[in-house]
Amino acid sequence: MSKGFLKSRWKVFLIFLAVIGPGIITSNVDNDAGGIATYSIAGAHFGYSFLWSLIPITLVLIIIQEMSARMGVVSGKGLSDLIREKFGVKTTFYLLSALVLTNFGNTIAEFAGVASAMGIFGISTYLSMPLCSLLVWLLVVKGSYKSVEKVFLVACFFYITYIISGFIANPDWNLVGKSLLSPKFSFNPASISMLVGLVGTTIAPWMQFYLQSAIVEKNVKLKNYKYSQIDVITGSFVVNIVAFFIIVVCAATLFSQGIKINSASEAALALAPLAGKYCSYLFAFGLLNASLFAASILPLSTAYVVCEGMGWENGVNKKFSEAPQFYLLYSLLVFVGAGVILIPRLPLFYIMFLTQVLNGMLLPFVLIFILFLINDKRIMGKYTNKVWFNVIAWITAAVMLALSVILLYSIIF
Amino acid sequence: MKKASLKMFFFLTEIINHRVVDSRGEVVGKIRDLKAVLGELFPKVVSICIQKKSRGGPKNKKEIFEIGWDNVKTINQNIIKLKEDVGDDLKPLKTEKNHILLKDEILDKQVVDTFGAKVERVNDVHLLLAEGELRLVHVDIGIRGILRRLKWTGWVDGITNWLFAYQIRDKLISWKYIQPAAPDPQRKELKLNVTLRKLNEIHPSDLADIIEELDGQGRTAVFKSLDLQTAAETLEEVDPKLQISLIEEHTEDKASDILEEMAPDEAVDLLLSLPDEKKEKLFREMDKGKKERLMELLKFVEGTAGAIMTIEYLSINQSKTIKDALEKFKKTTDPLETTSYIYLTDDEEKLAGVLTLRHLIFNPPDTILSSIMKKELIKLSIEDDTNTIADAFKKYKFMALPVVDRNDRLKGIITLRDAVDAKFPEFED
Numbered sequence: 001m002s003k004g005f006l007k008s009r010w011k012v013f014l015i016f017l018a019v020i021g022p023g024i025i026t027s028n029v030d031n032d033a034g035g036i037a038t039y040s041i042a043g044a045h046f047g048y049s050f051l052w053s054l055i056p057i058t059l060v061l062i063i064i065q066e067m068s069a070r071m072g073v074v075s076g077k078g079l080s081d082l083i084r085e086k087f088g089v090k091t092t093f094y095l096l097s098a099l100v101l102t103n104f105g106n107t108i109a110e111f112a113g114v115a116s117a118m119g120i121f122g123i124s125t126y127l128s129m130p131l132c133s134l135l136v137w138l139l140v141v142k143g144s145y146k147s148v149e150k151v152f153l154v155a156c157f158f159y160i161t162y163i164i165s166g167f168i169a170n171p172d173w174n175l176v177g178k179s180l181l182s183p184k185f186s187f188n189p190a191s192i193s194m195l196v197g198l199v200g201t202t203i204a205p206w207m208q209f210y211l212q213s214a215i216v217e218k219n220v221k222l223k224n225y226k227y228s229q230i231d232v233i234t235g236s237f238v239v240n241i242v243a244f245f246i247i248v249v250c251a252a253t254l255f256s257q258g259i260k261i262n263s264a265s266e267a268a269l270a271l272a273p274l275a276g277k278y279c280s281y282l283f284a285f286g287l288l289n290a291s292l293f294a295a296s297i298l299p300l301s302t303a304y305v306v307c308e309g310m311g312w313e314n315g316v317n318k319k320f321s322e323a324p325q326f327y328l329l330y331s332l333l334v335f336v337g338a339g340v341i342l343i344p345r346l347p348l349f350y351i352m353f354l355t356q357v358l359n360g361m362l363l364p365f366v367l368i369f370i371l372f373l374i375n376d377k378r379i380m381g382k383y384t385n386k387v388w389f390n391v392i393a394w395i396t397a398a399v400m401l402a403l404s405v406i407l408l409y410s411i412i413f
Numbered sequence: 001m002k003k004a005s006l007k008m009f010f011f012l013t014e015i016i017n018h019r020v021v022d023s024r025g026e027v028v029g030k031i032r033d034l035k036a037v038l039g040e041l042f043p044k045v046v047s048i049c050i051q052k053k054s055r056g057g058p059k060n061k062k063e064i065f066e067i068g069w070d071n072v073k074t075i076n077q078n079i080i081k082l083k084e085d086v087g088d089d090l091k092p093l094k095t096e097k098n099h100i101l102l103k104d105e106i107l108d109k110q111v112v113d114t115f116g117a118k119v120e121r122v123n124d125v126h127l128l129l130a131e132g133e134l135r136l137v138h139v140d141i142g143i144r145g146i147l148r149r150l151k152w153t154g155w156v157d158g159i160t161n162w163l164f165a166y167q168i169r170d171k172l173i174s175w176k177y178i179q180p181a182a183p184d185p186q187r188k189e190l191k192l193n194v195t196l197r198k199l200n201e202i203h204p205s206d207l208a209d210i211i212e213e214l215d216g217q218g219r220t221a222v223f224k225s226l227d228l229q230t231a232a233e234t235l236e237e238v239d240p241k242l243q244i245s246l247i248e249e250h251t252e253d254k255a256s257d258i259l260e261e262m263a264p265d266e267a268v269d270l271l272l273s274l275p276d277e278k279k280e281k282l283f284r285e286m287d288k289g290k291k292e293r294l295m296e297l298l299k300f301v302e303g304t305a306g307a308i309m310t311i312e313y314l315s316i317n318q319s320k321t322i323k324d325a326l327e328k329f330k331k332t333t334d335p336l337e338t339t340s341y342i343y344l345t346d347d348e349e350k351l352a353g354v355l356t357l358r359h360l361i362f363n364p365p366d367t368i369l370s371s372i373m374k375k376e377l378i379k380l381s382i383e384d385d386t387n388t389i390a391d392a393f394k395k396y397k398f399m400a401l402p403v404v405d406r407n408d409r410l411k412g413i414i415t416l417r418d419a420v421d422a423k424f425p426e427f428e429d
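Protein chains in written order, with the numbering used here: chain A, 1 to 413; chain B, 1 to 429.
Note that these hints are calculated values from the structure, not bench results. Incorrect hints may appear among the rest.
[To be verified] Which bits of chain A does chain B cover? Going by a derived footprint, with three or more residues having C-beta under 8 Å, they are:
hint: 1; segment: 64-77
hint: 2; segment: 81-87
hint: 3; segment: 155-166
hint: 4; segment: 211-224
hint: 5; segment: 300-314
[Stated by the list, open to error] Listed below are the simulated EDC-like cross-link pairs for lysine to aspartate or glutamate, each with C-alpha atoms no more than 20 Å apart in a straight line:
hint: 6; chain 1: A; residue 1: Lys318; chain 2: B; residue 2: Glu213
hint: 7; chain 1: A; residue 1: Lys221; chain 2: B; residue 2: Asp239
hint: 8; chain 1: B; residue 1: Lys288; chain 2: B; residue 2: Glu260
hint: 9; chain 1: A; residue 1: Lys221; chain 2: B; residue 2: Glu212
hint: 10; chain 1: B; residue 1: Lys188; chain 2: A; residue 2: Asp376
hint: 11; chain 1: B; residue 1: Lys241; chain 2: B; residue 2: Glu201
hint: 12; chain 1: B; residue 1: Lys103; chain 2: A; residue 2: Asp376
hint: 13; chain 1: A; residue 1: Lys226; chain 2: B; residue 2: Glu248
hint: 14; chain 1: A; residue 1: Lys319; chain 2: B; residue 2: Glu212
hint: 15; chain 1: B; residue 1: Lys118; chain 2: A; residue 2: Glu313
hint: 16; chain 1: B; residue 1: Lys323; chain 2: B; residue 2: Asp366
hint: 17; chain 1: A; residue 1: Lys318; chain 2: B; residue 2: Glu266
hint: 18; chain 1: A; residue 1: Lys377; chain 2: B; residue 2: Glu63
hint: 19; chain 1: B; residue 1: Lys241; chain 2: A; residue 2: Glu149
hint: 20; chain 1: B; residue 1: Lys254; chain 2: B; residue 2: Glu213
hint: 21; chain 1: A; residue 1: Lys318; chain 2: B; residue 2: Asp113
hint: 22; chain 1: A; residue 1: Lys142; chain 2: B; residue 2: Asp239
hint: 23; chain 1: B; residue 1: Lys171; chain 2: A; residue 2: Glu313
hint: 24; chain 1: B; residue 1: Lys83; chain 2: B; residue 2: Asp157
hint: 25; chain 1: B; residue 1: Lys291; chain 2: B; residue 2: Glu260
hint: 26; chain 1: B; residue 1: Lys374; chain 2: B; residue 2: Asp421
hint: 27; chain 1: B; residue 1: Lys188; chain 2: B; residue 2: Asp253
hint: 28; chain 1: B; residue 1: Lys291; chain 2: B; residue 2: Asp239
Every residue gets a Cβ at the ideal spot worked out from N, C-alpha and C, and that includes glycine.
Same shape as in the complex, but just chain B (with noise of 0.2 Å):
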């Protein structure tokens, strides 16, 4: 039974307060955890914790020791032996950034699945044995786990083969999709695995979704160690009463950046729900085209057109060619909803005419925009409440809809979703 020769799997609780025995036969202690490191596919356990045999000494009986991965000579469900005698010098736990423990981070923790993009709750550890190397390879989310851990499977299996010809299996997440969510303790921050898939890659709505499901310190973790404009998404997606706590656990600084990549209109309704102070010192933060624009929007009157309205739109006056408009359309980053359309404007800033993506790809580029444009439009007026601009939409079904002032000057628009938002705040969920 040399480590070196074997090849086996096996769970974390299989081992855990097992005897540690070292050379001369001693017992050492009981293995409390497992030490590995992060940064591989597959994390290299480098060093097994273990809490010492108490030999009378009253003095810190709690404390857990660290005994390298390379003393190690077995190690099965049975015992832990060693190569060495380690006497009685043993070196403290020590935790690097990169370091995880087993138990103490992962076992029975949260953690997210970026594969399925779904939070679990770990039911135990899958290890390997193999070449002399230990690696963390699953995590087990399955009632199997469970079983295993109450030491029921022996009846349990019994009673769903003998009626159902079944046996309840594992359920393993490969650790490569594994994020666990657990902060470190001492820096507050996410232990960040390398994943095939990352947390950033996970879909907005989904993260959103996770974000809500994990508990308070791994929902701030994970949501401090999204990229400014996935946490911008994320944060739309998220519930409001979730939005303010998020946001208020970031600097000023990063909680303005992350504002700044929100949809205008996102930003503004989270802005509203935010304390004065908060506010006046996010705006402190904030660039000052971006900031202007918010300032703007947050003036409006909460259910009317106005505030339910995007400023995210393209306009272009006129008089300008279909070569003009196309290149502005490439310059844009603004989602496809909100550029289903292209507004036209006079020299006065009014409201012209509207044109589609269409229109400027079937038509010659020098063609001047006001002569293909079409006049008749449907336009929103700033003040208009939820139910007139819901009538508009269900009438015309218009894929957004221009809002002026009074002055029929172009002020936003509002897309079909933010109509059906503003409507059914349920949908919003």
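Just chain A, same shape as in the assembly (with noise of 0.2 Å):
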């Protein structure tokens, strides 16, 4: 009998690495440079009085990807497919478009954490950029899905790094516990615009589609569904362990010193004097791989989800005259973004801000196309949210409008 329940063990072990990939490359490319500089600054500037937020902003990411998770399983249709049969090709056209604008954005920020992490180590962005588009282009283009998504899943691993700099760092874990625990917020225009960057930054219109399109590539089984709920939900709290570790450093370190920062490249440098030479390496290496991971990641979901949407063949696997659509697009996206760094004098934080702007712009109508979608029982059959589940995803959206509102409203005033 005990023979039979290790196999039966054995097998659900083995069923749920087929299923994983999705929840958790989604969630770590999450951490990207943005994601990086802006817990670095929430720890810095404001200690550790931010880290509660971890907590219900885990809840909200974990609610908003099941729902992409569940679709993607269910009508084995990518996102932007979805709103296409729905919502007809005017709708998505302008939809897509604002995608590709923002993950154009996004990319170029993805592109300057490389070069500003490249640059701790010293090498020169004239020479960073040439071969880094060139390697994450390769990388897609001529690995297959299962050897990109390994790799993907290698660069996740190395997060590992920012835990590790987060030990030695040496915080008081005793203000760290309590500080997790204790929700505190004061009113005041600075702290306002730290939660909405947070909230942000963590939760971005891009991830919907990748991860349901990449769910769709896995071509997941409604009875393993569960696997799948499984890697959402470790992905979405292995991305707040890593931003937690992030916020501790900082504020373990920059805070109590005083130390302003704008930057995750900032903060990896002043952390040399405080913590110690490997602390600040570390973290610049974890900035270089979380850049170049998400580097990889954003234009190859952009150009997945633009041509799925306009019903153009798209695919890794599939040969440049089969598929130039996607082909153009993803080079196009790579290496401009790339080279953009390379303009001297590049006004790089009114890109950073124009960026913002569009991903809150964005954000809350991918929600609400989602939650159309999810409800509609010809897509979805049985499976549409439940009433609470609604209800909790409903407010979820409203709060996420609010938010985008106050962030639009902070940036532009």
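Put the two chains together into one complex, using the hints given.
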């Protein structure tokens, strides 16, 4: 009997391995250059006082991603596919245009992250940009979905550098624990925009598209859906654990010394005298890994989603002649995204600013589309949202909408 | 503008959401869809589907009603006029098995272009109004269809004309080659169109590509609509990950029928990746002979000659004549690549020699096979690994090589193609 039990345990584990990937990868790409910068700033400027926000953020992330995953498994279609079939070509076209623009901005931000992390290791931007963009491009164009996913899963592992640097920084764990469990918030503009920034960087519009497509690509069966759920929940926890350690590192070192920073690379540099060279290097390596990782996924997912919605052939297993739009869009995003960084005196700050505005504007729409689609019986059958889940989901969407409005307001005025 | 006297083309999206007006000039509602009957090359529209103008009544505003085509007086890009006054008693929309809703089931959905053997997404549906009948004639799959729906044709044409003296053209595919891929929502099966080229007539490798391209439900529906043999041949070609999910969609008896039709080595590969209970259930449904042969193959270690080989080959006792061999050849339905050689065995089933088809044709029918057979044989052993197999093919350049067990008994053959697939798994994609 115990042998049978072991065998069935083993089988469950094997199925789980076959199903995992999408959720964990999506969540980790989420900790990209922009994410690391935001968490670093939150730690450096506000100490441990924002740690508590990671708990509700994790919950919201799980709620939203679970819906995307469920739609992928039940309908076997990508999000842009579903939007196209339900809302027609016009809506799809404008939504996807906004997504392409936003993701182009995000891609530039990732390459900027790569450039500054490489800079810390003393590598010139003029060398790192061509090399890294080519590396990213080749990985996706020449690799198969399976091999690409493996590389991505390995990249996920490297986020451990932040956890290690968290221990090197030697924080006051007592205080960390207290801050995590006791929500405190002061209603001043700086705190509000920090909170909005934290939420906005963790829950981005592209994720929902990417996650759903990746799940469809995996061809997960309904009976194995529970493993996808585990995948998504694990991913959501991992992303916030990494965020937690980044905040802790910066709070324990930079905040206590009153050092102000503006980006993740500044944080890495500022860490050297306080927590030692290795902590600084680990931090920079984490940034490099995260930026490269996101720089390969963002353009890929964008090209994928656009072709899916417009009905063009797509996928990394197609030849260029079979899927020209897919490869063109992907290549443009990668090479132009990296090329922009080489422009001397680039107003990078304004590009980031515009990207943030677009991200913030797009997200509520995407959430509303998701909620309409997931409650459509013709698509989801009996797997539509339960009433209580719907209430939570709509409240989440409303809160996100409100936060986006606040974010826009705070950026513009 | 009587509908009977007119012959004109228009697109579905040009009339969708237009007002429907009755004989008194009263607005009845908005046109939401068209219902056509499948069964002819160019399906006839039988009714228009409308959503009633809300007259304050809050109850079920979303309900769709239908008005028979007989009652339509004028239909064009501006307005739809009815012959009579329909009043409040409209029939709710009902769809039968052979009915298709043009917007709901075709527009923006995936379809299979059976002529080009490709999956396309429909940007618009092209209709022809002639002799009082409205028929579905083309689907639009081009960029122009998208531009039209964005209402961008004007300025895009302006720019392309100005720059290149060129205009993006419509890309239409005749409906007679189109098979909708969205399954019937109630019956979960494909609504079969009368196409000039049937799905079953598409080459299995193309069908495999089509199935990979379709989304989940379309994929299953298309696969289920194939006949046994086509389904088996297609299944051999699709990505292994998809193979499993496709076979699992079928009931056990249908699934085992398909497995029986597949080449045994491919069927075994598929069986190996299924969970044990599923495998057993499938075996239970299979006929005995086939089952035993597959069971035999299942025993071999992956990556060895035993696992790669196929058991579809021609063998005959060496004491028989050419006439007997030809008789046997005539009866076989195995693919040509597995019958390029005829293997000869002695009374103990041991491999004794080989002949090619040419030998059979150019020698008199009563020749005893052993007198003309080639006795110097290159053989593989059941335990040989892929590298040894590849080396043998590289060195001797045969189309196929026999596989024998320890006692030199013939067990199967490996074709060049199987050897390539085994050595370079990426070729299989």
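Here is what the structure says about each hint:
no. : hint                : verdict
1   : 64-77               : holds (count 3)
2   : 81-87               : holds (count 3)
3   : 155-166             : violated (count 0)
4   : 211-224             : holds (count 3)
5   : 300-314             : holds (count 3)
6   : A:Lys318 / B:Glu213 : holds, 11 Å
7   : A:Lys221 / B:Asp239 : holds, 16 Å
8   : B:Lys288 / B:Glu260 : holds, 11 Å
9   : A:Lys221 / B:Glu212 : holds, 16 Å
10  : B:Lys188 / A:Asp376 : holds, 17 Å
11  : B:Lys241 / B:Glu201 : violated, 25 Å
12  : B:Lys103 / A:Asp376 : holds, 17 Å
13  : A:Lys226 / B:Glu248 : holds, 19 Å
14  : A:Lys319 / B:Glu212 : holds, 15 Å
15  : B:Lys118 / A:Glu313 : holds, 10 Å
16  : B:Lys323 / B:Asp366 : holds, 6 Å
17  : A:Lys318 / B:Glu266 : violated, 24 Å
18  : A:Lys377 / B:Glu63  : holds, 15 Å
19  : B:Lys241 / A:Glu149 : holds, 15 Å
20  : B:Lys254 / B:Glu213 : violated, 24 Å
21  : A:Lys318 / B:Asp113 : holds, 19 Å
22  : A:Lys142 / B:Asp239 : holds, 18 Å
23  : B:Lys171 / A:Glu313 : holds, 16 Å
24  : B:Lys83 / B:Asp157  : violated, 39 Å
25  : B:Lys291 / B:Glu260 : holds, 8 Å
26  : B:Lys374 / B:Asp421 : violated, 28 Å
27  : B:Lys188 / B:Asp253 : holds, 19 Å
28  : B:Lys291 / B:Asp239 : violated, 24 Å
The structure fails hints 3, 11, 17, 20, 24, 26, 28 (numbered hints given earlier, in ascending order).
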